[in-house]
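Peer 1: So the protein sequences, as listed, match chains A and B.
Under the working numbering, the first residue of the first sequence carries the number -10, and numbering increases by one thereafter.
Under the working numbering, the first residue of the second sequence carries the number 224, and numbering increases by one thereafter.
Derived from the structure by calculation, the hints contain no laboratory data.
Beta carbons: idealized from backbone N, C-alpha and C, even for Gly.
Hints should not be assumed to be uniformly reliable.
Each pair of labels, with its calculated beta carbon distance range [to be verified]: (1) A:Asn100 x B:Pro306: 20 to 30 Å; (2) B:Ala329 x A:Gly109: 39 to 49 Å; (3) A:Asn142 x B:Asp262: 46 to 56 Å; (4) B:Thr305 x A:Gly57: 28 to 38 Å; (5) B:Asp325 x A:Pro2: 32 to 42 Å; (6) B:Asp318 x A:Gln(-8): 28 to 38 Å.
Pairs of lysine-lysine, BS3-like flavour, derived with a Cα cap of 30 Å [unchecked claim]: (7) B:Lys310 x A:Lys93; (8) B:Lys291 x A:Lys34; (9) A:Lys122 x A:Lys24.
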Amino acid sequence: MSQPIAPIQNVAPNQCELVFPGLDTYTRHALDAVKTKLSRAGVAKADRERTEIILAEAINNIIEHAYGAEAAGQIQVRMDVTHDNITLTLTDSGCPMPGKGLPKKQEADLNCARSDLPEGGFGWLLIHQLSDKVTYVRHGSDNITTILLRRQNR
Amino acid sequence: MVELPTRTEGQTQIVVANMDRIDASVAIRFKDCMRDVTDGGGQRCILDLSKVQFVDSSGLGAIVASMKQLEQGRRLDLAGLTPMVDKVFRLTRMDSVFAIFDSVEAALDTPG
């Protein structure tokens, strides 16, 4: 049974830093910790919801692809909230992104037979749709994914 | 714990997603449980999502898979999508793949 994640304490008021195992059962707790911080920082509801969706998908991608079938490592999430932006920085020590670059925002063709409907691949679409900028770098043996959301204040 | 209580109204099977999140941690169990629960059911199945506050892309995939698991000629409609869930369906354009109703009652009022 996974435990709630205690954020690292000695960070600035509008920052949040978490480290947790790259396992599905922890994702929800990571999102809860981040949502608490977003509320305390006075972030508007729709912006909080966008952040939650984006972060859930980014964490899922690390668990599924960066760590995959290998024993999961840790995931570090940092969030910085400013007047204008919310910046999420995710660090993991899993496999590099294929082709060393980000998956493109690819909309699936849903105009097909039921049996051909995709059951996956929506994660990056959601991240791209809801965020304003996404960058990825490989740093030594780490992946660093940075996602910027401009606050819409609604 | 994946709980999918089910009932029948006439020819229609209603399945209640009795969880607040359908996410990566439950997606496979959700899909498997849906397969069991819808086995032998009627032509129309309505999935009541009114208790579900959050669906991620894995949960979305499990809902799509649940529809694909039904035999030819059977349909899976969705009811009671809460705002964040509705948003995810719209962003992925899955609202063009499923018939979506405000509530189970509204779905039952509209013939399948």
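Peer 1: Determine for every hint whether it applies to the structure shown.
Peer 2: Comparing the hints with the structure gives:
About 27 Å separates the C-beta atoms of A:Asn100 and B:Pro306, a value consistent with the hinted range of 20 to 30 Å. The hinted range of 39 to 49 Å is not satisfied by B:Ala329 and A:Gly109, whose Cβ atoms lie roughly 30 Å apart. Taking the beta carbon of each, A:Asn142 and B:Asp262 are about 48 Å apart, inside 46 to 56 Å as hinted. The beta-carbon spacing between B:Thr305 and A:Gly57, approximately 32 Å, falls within the hinted interval of 28 to 38 Å.
Remark: the range hint 32 to 42 Å for B:Asp325 to A:Pro2 is upheld by a beta-carbon distance near 40 Å. Taken as a hint, the range 28 to 38 Å holds for the pair B:Asp318 and A:Gln(-8), whose Cβ atoms sit roughly 36 Å apart. Using a Cα cut-off of 30 Å, the hinted pair B:Lys310 and A:Lys93 holds, with the two alpha carbons roughly 21 Å apart. A hinted pair counts as satisfied when its Cα atoms are at most 30 Å apart, and B:Lys291 with A:Lys34 does not qualify at roughly 34 Å.
Pair hint A:Lys122 plus A:Lys24 holds up; C-alpha atoms about 20 Å apart against a cutoff of 30 Å.
Hint violations for this structure: numbers 2 and 8, all remaining hints satisfied.
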